[in-house]
Amino acid sequence: MAATFDRRTALRGMLSGTAVTVALPLLDCFLNTNGTALAAGGPLPVRFGTWFWGCGVNPQRWVPGKVGADYDLVEELKYIAPFKDQINVLSGFDVRLDGVTNEPHITGNFALITGTTPRDVNTHDVPTLDMVIADAVGNDTRFRSLEVTATGNPKDTYSRRSSSLVNPSEASPAAFYTRLFGPEFQDPNAAEFRPDPQIMTRLSVLSLVKDDRQKLVRQLGARDRERMDEYFTSLRQTEQQLEMRLTQPPPLEACKIVSDAPEDRIPEGYLVSAVIDNHKVMSELLAMALACNQTKVFNMVFSNAFSNLHKEGMIGFHHGLTHNEAYDEKLGYQPESAWFVERSMEAWATFVETLANVREGDGSLLDNTLVFAHSDSSLARTHSVLGIPMMTAGKAGGRVKTGYHVKGGGDSITRVGLTMQQVMGVPTETWGTGSMETSLPVSEILV
Amino acid sequence: MTVATSMIILRYALRSWWKCSLSIFAAMLVSSCAVQETASPPPSLTGEGGPPSVRRLTEVQYRQSIADIFGAEIKIPGPFEPDIRRNGLLAVGTSEVAVTRAGFERYDALARNIAAQVTDKENRARLLGCVPENSTTADAACTTQVLKHYGRLLHRRPLDPERLAAYVQTAAAETRRLGDYYAGLSFALAGMLVAPEFLFRIDFAEPDPANPGRERLDGYSKASRLSFLLWNTTPDDALLAAAGRGELDSKSGLAAHVDRMLTSPRLTDGVRAFFSDMLEFEDIETVSKDGTIFPRFSRSVMNDAEEQTLRTITDHLISRNGDYRDLFTTRHTFMTRNLGIVYRVPVAAEEGWEPYEFSEDDGRAGLMTQISFLALHGPPGRSSPTLRGMAVRELLMCQHVPSPPGNVDFSEFEASSEASPVTVRDRLTAHRENPVCAGCHKIMDPIGLALENFDGLGQYRETENGSKIDTSGELDGYTYQDVTGLGEALRESPATVSCLVNNAYRYAAGRSVSNAEKQWLNWLEDNFAQNGYRLPNLLREIATSDTFFAVSTGGGDTNHAALSETGAD
Amino acid sequence: MTTSILKSACGSFRVYSLCAAAAVLMCAPMDVRAEPSGKTKGFVLSHFWYAMPFEPDDCPEGLAVALPGGINPPKLYDAGREGDVPPHLRTRQRAVGEIDQCKFPQAFEDPIMRTGKGRVAYGLNLDGTTSADDVAPNTCKHENYTGVDGTPGVDNQLYRVLGCINAYRADAKFQQHVIRDFIASARQDGQVTTLMEVTGIDDAMNDDEVEVGFYSSTNPTLYDAERKGVPYASLTVSDNPRWQNKVRGKIVDGVVVTEPGDIRLDHYQGQALPKHVDMYMRGARLRLELHEDGTATGELAGYNDLESVYNMEFAQAPPVLPKSWGYKCPAVYEAIHRLADGYPDPETGKCTAISTAYRIEAVPAFLIHQKDRLSGTETASAE
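Protein chains in written order, with the numbering used here: chain A, 18 to 464; chain B, 285 to 853; chain C, 685 to 1067.
You may find that some hints are simply not true.
Under the rule of at most 30 Å between Cα atoms (straight-line distance), these lysine-lysine pairs were calculated in the DSBU-like manner [said to hold, decoys possible]:
{"no.": "1", "chain 1": "A", "residue 1": "Lys95", "chain 2": "A", "residue 2": "Lys83"}
{"no.": "2", "chain 1": "C", "residue 1": "Lys787", "chain 2": "C", "residue 2": "Lys857"}
{"no.": "3", "chain 1": "B", "residue 1": "Lys802", "chain 2": "B", "residue 2": "Lys535"}
{"no.": "4", "chain 1": "A", "residue 1": "Lys95", "chain 2": "A", "residue 2": "Lys424"}
{"no.": "5", "chain 1": "A", "residue 1": "Lys297", "chain 2": "A", "residue 2": "Lys418"}
{"no.": "6", "chain 1": "A", "residue 1": "Lys227", "chain 2": "B", "residue 2": "Lys359"}
{"no.": "7", "chain 1": "C", "residue 1": "Lys787", "chain 2": "C", "residue 2": "Lys1007"}
{"no.": "8", "chain 1": "A", "residue 1": "Lys232", "chain 2": "B", "residue 2": "Lys432"}
{"no.": "9", "chain 1": "C", "residue 1": "Lys1007", "chain 2": "C", "residue 2": "Lys801"}
{"no.": "10", "chain 1": "A", "residue 1": "Lys172", "chain 2": "A", "residue 2": "Lys297"}
{"no.": "11", "chain 1": "B", "residue 1": "Lys752", "chain 2": "C", "residue 2": "Lys912"}
{"no.": "12", "chain 1": "A", "residue 1": "Lys101", "chain 2": "A", "residue 2": "Lys83"}
{"no.": "13", "chain 1": "B", "residue 1": "Lys535", "chain 2": "A", "residue 2": "Lys232"}
{"no.": "14", "chain 1": "A", "residue 1": "Lys172", "chain 2": "B", "residue 2": "Lys359"}
{"no.": "15", "chain 1": "A", "residue 1": "Lys227", "chain 2": "B", "residue 2": "Lys432"}
{"no.": "16", "chain 1": "C", "residue 1": "Lys959", "chain 2": "C", "residue 2": "Lys1007"}
What follows is a list of derived Cβ distance ranges for each label pair [what the hints assert, rightly or not]:
{"no.": "17", "chain 1": "C", "residue 1": "Val941", "chain 2": "A", "residue 2": "Ala343", "range": "48 to 56 Å"}
{"no.": "18", "chain 1": "C", "residue 1": "Ser869", "chain 2": "A", "residue 2": "Gly330", "range": "22 to 30 Å"}
{"no.": "19", "chain 1": "B", "residue 1": "Glu406", "chain 2": "A", "residue 2": "Pro200", "range": "18 to 26 Å"}
{"no.": "20", "chain 1": "A", "residue 1": "Ser452", "chain 2": "B", "residue 2": "Pro445", "range": "52 to 60 Å"}
{"no.": "21", "chain 1": "B", "residue 1": "Gly530", "chain 2": "A", "residue 2": "Ser452", "range": "58 to 66 Å"}
{"no.": "22", "chain 1": "C", "residue 1": "Lys787", "chain 2": "A", "residue 2": "Gly330", "range": "48 to 56 Å"}
Quick caveat, the hints were computed from the structure, so don't treat them as lab data.
We put the CB at the ideal spot given by N, CA and C, even for glycine.
The shape of chain A in the complex, shown without the other chains (with noise of 0.2 Å):
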């Protein structure tokens, strides 16, 4: 894509939506050896991406006993037996709390994916990492991100540029689809490209919007400044969409978006089996939204960090197992709700595999994308953040190498973000803040 746009060149040359037939079958030929790039230049698009469970594992249960290649899967991790080899497992980093009190659920994973243990969720405005991320990757796709929950219920979201700018996860399969591929959608692989001349309309319409706005923010104070700077840098980021709409996008094979909107089945009331369904329909959609370059960043929840899924019947639900659950001795934990975690590895195993499925250069979308699994709490039963449960999936355009359990011995959970940042080309040496700061990324999977 073109990094600069002149909009008054595109505004003079376009004003009638001037027809620009560019027809460019995407040949096997124009790609290079490793599938990973067009051979005319432009590579293939590197993904980011998270996926949040809630409520942890038994780490007895899914940590595998053995170090490095071909790592052994235990009971709750059983289910990624078919995806091992392009799966990273990430075991022993410790969120540290430096004094913070821990409120359960909430600060390990805001220490996680911020770097900085939050003293008070509410007043954390530190980006999170996929914000970070989108920040310098997302600015040439036509969504600088996509939030997405399975739950139903799209307050379910934990990516946020501060503590007043959280980011809603979008909970309709019918609304994501039309979102997605409804009529905004320039389809890469259309013969013929034609920009909608509203498109200039509405940046004109734009532009008068964000024009001449002293009078309106000079006399606030410095926070209700901040906000509105905040709804312009929101308001500026819609019009680089909207421009980028005026250019033909370079064709992508992998793009084939089915016609139709899924059903809108939204979950309710966190029923586990809704809740996978959803999942597989969001996940696929959200597949088809990478393969056509909609977004590079995604962060897909499938439960809350209070986990409230749900099974018919049951009295209360995963998150409540965890606290009112008999210990079962014998077995030496809770096979309720094991029961919720197991299912919970089942849907992240759906996902790798939905990515993978899509065929993209001479590998899988997968391939181009670096997903970094991750919940709250390891044992949840006991909110511990000391070793939360984290993977990655993929091996983003090349740059990660899967098939690894790489145990942390105890260092901050930071390392993982720094590493993340790094693959997806943020300049950055060091992530994180107190105790967690460090400038050591996980090389175990560095290519």
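Starting from the known structure of chain A, arrange chains B and C on it as the hints suggest.
Structure of chains B and C alone, referenced to chain A:
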């Protein structure tokens, strides 16, 4: 299920606030006793109101504004960017939220959708008031007329001539580009709808002639504050006109308009919005119960339950001008057939609502015995005395309950559950006997246990697993045998009254209370008591007070910082 | 709970004195005998259909037959008995060549229907006799069944007809239970609603004198996702004067038993037979068990008026249905008349009603009596 989550999240939201506001409440409680002798007039506060505020419209305010300006025929397809709760109120959150990228996308789509409807064939004759000479070319006169009219209503003040001219020019240019007069006009209107002047209520200050060197809110800012407080919607034409004539700057002019608004049927919308916020009713739409355990649960039951409580409140506080405290003991409410099934009472009206009064032996009295409260505060499959008790403390008494320690070991609790206790009370004994838990649970559990005659959905029961339910307990020294007694204890508690006054003011101002305002709040609480705890009276005192309109500019930044430092945030 | 309900319901109208008067009125004498005072239990029927055990030996000759192939020729014409064809049908018959067998079953002569000769049925011993030879007054000679619970002399002549029709039987191969399912879905869809009210209860276990009302309603019966009746709904009693039925009864060990009485209620079978017709049962007796959870189950046994039963079950059937459901209207018509065992016509001596038994499943409900509602208060009942 979201209720529990949001309760827990709320807990964190309240935490920092509580750390600071414990002292506020303590001070308020003490002073509310001590200040009795000082009746009127209110203590005067000059310019201690913080900087001009910027509040994002809530979803309800957005919808109501559009309906008021363009008519209820205009459809407003969601979703909206979610409102955020801060310090216990969405109203406080409105002063903190901005607009995310995804949120802007949503507001932008909504704006274009609404503007297209306003100018479409069906509505243009009714809404535009003029017809262009030619429907494919620009018509400056007609465009100016339309945009001037709606610009004033949407932005809640007349547009600057330069802004108006810019909008008119854009409409003309886009009419030329698209070859359609109405398309050009529609996009200009969409611009007004996505502009910060519509999405945010932005205060403007002007020099205060009565206090040279100081500033005051201008009339239009006052009109907005009044209208959103009392009617939860955009100012009507009369109020904007009054603002334009400077009537809101005089005591008598302000009083006359406040009286007009307090006696309007639209006051109901304002009071409903306030209590929806205070009672966290935004969570009702996501509350869910397990259908196999509670087959009577349905979305329509929950919708009716929310409406029932809001009707009970507005009927009592507005129609009857009743004592606020009686909401904790009232047996009077409203029913639909849908609700009658869950309450197990007869409902004669086949459609809609009818008044209903519980009898003494029905065991229901007070808002906390209504389904909206009972079902909202609990997990999907059972009742939770702890969550209900916490909700009474936090929502109705404005008291903070700390969250459980992060490293809490539940094994002791589990050990007791293995002894297969019969009732929830038995199970919770473990909480209260363990000193780590007892500190907090003893202030929540006894309240919730008094509500144990109602199961997770709020259906009446007398036994649990065959054992008779014991509903006795104690609230801050007041002992009771059942929920009626709990209602009386809440009615007599100074905390419920100061909570209401505090919430009403924070709701009005959209922010926490500053140190300088505390004395005034104490006076307000006294005034509330002396006038029989009537809400319209309380709203009148707030809406006509200097404090409500006080603004400090210039040093706005430092003032705002001072607010935080004094612990109000 | 009832007194408090009444109080609170009245309270909602804020006219306490009027309300007290209304309450007294409700309890005031409605006929010459003293109205029992006491509590009221209201019910809505979640299931109301024939009680049939479906024993393997019910129909030793096999199920009733519906001749395959086209429409039967109008036999009366074939037999040269044109005079017996109703006059208004004669021209139509000539023009179209057929007569609606179900609307005019008497116009045809069909082979005798195979009817039931089993030993066991649901129902009550309505006539007090246990032997076919012992013909009680006001009955016609008939065989007896043994009750499913062993009661001798059970009368259920209608079971001999319905029990041998494919579509009525639960164990039939082709149209298994289709009629029951039609009725059930009509009830679940809110097309027909039946209410029951026991008033004057002083002691829910044993009470010498109670009254039982049977009513219809245009409000839908509510069912939950598992197709169980929703308890404690409020339902308005229809003010159609035909559907107001009250019979005297008593409660013995928690079971309501009534004296015989005539009951007329709204009936609707659903899509196939699309008109509402009255169900008219004579000498009906209720045996209703009151359960601790507020629900009730039992039997309603009595003599279904022949015209009513034929209209309810057969008269509306379009030509194709009897063939698929396994009967022929003329044969059925003949059979119910042949087997009728109650209420003989004083002139002809032929019985005009046929013994039968219904199974009732009911959940508690608040009955809103319309005449009271219109006058500003309501009397409602549930537990």
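Each hint, compared with the structure:
| no. | hint | result |
| --- | --- | --- |
| 1 | A:Lys95 <-> A:Lys83 | holds (14 Å) |
| 2 | C:Lys787 <-> C:Lys857 | holds (27 Å) |
| 3 | B:Lys802 <-> B:Lys535 | holds (23 Å) |
| 4 | A:Lys95 <-> A:Lys424 | holds (18 Å) |
| 5 | A:Lys297 <-> A:Lys418 | holds (26 Å) |
| 6 | A:Lys227 <-> B:Lys359 | holds (26 Å) |
| 7 | C:Lys787 <-> C:Lys1007 | holds (15 Å) |
| 8 | A:Lys232 <-> B:Lys432 | holds (19 Å) |
| 9 | C:Lys1007 <-> C:Lys801 | holds (23 Å) |
| 10 | A:Lys172 <-> A:Lys297 | holds (19 Å) |
| 11 | B:Lys752 <-> C:Lys912 | holds (28 Å) |
| 12 | A:Lys101 <-> A:Lys83 | holds (13 Å) |
| 13 | B:Lys535 <-> A:Lys232 | holds (29 Å) |
| 14 | A:Lys172 <-> B:Lys359 | holds (24 Å) |
| 15 | A:Lys227 <-> B:Lys432 | holds (19 Å) |
| 16 | C:Lys959 <-> C:Lys1007 | holds (20 Å) |
| 17 | C:Val941 <-> A:Ala343: 48 to 56 Å | holds (50 Å) |
| 18 | C:Ser869 <-> A:Gly330: 22 to 30 Å | holds (27 Å) |
| 19 | B:Glu406 <-> A:Pro200: 18 to 26 Å | holds (21 Å) |
| 20 | A:Ser452 <-> B:Pro445: 52 to 60 Å | holds (59 Å) |
| 21 | B:Gly530 <-> A:Ser452: 58 to 66 Å | holds (60 Å) |
| 22 | C:Lys787 <-> A:Gly330: 48 to 56 Å | holds (51 Å) |
Going through the hint list in order, the structure satisfies each hint without exception.
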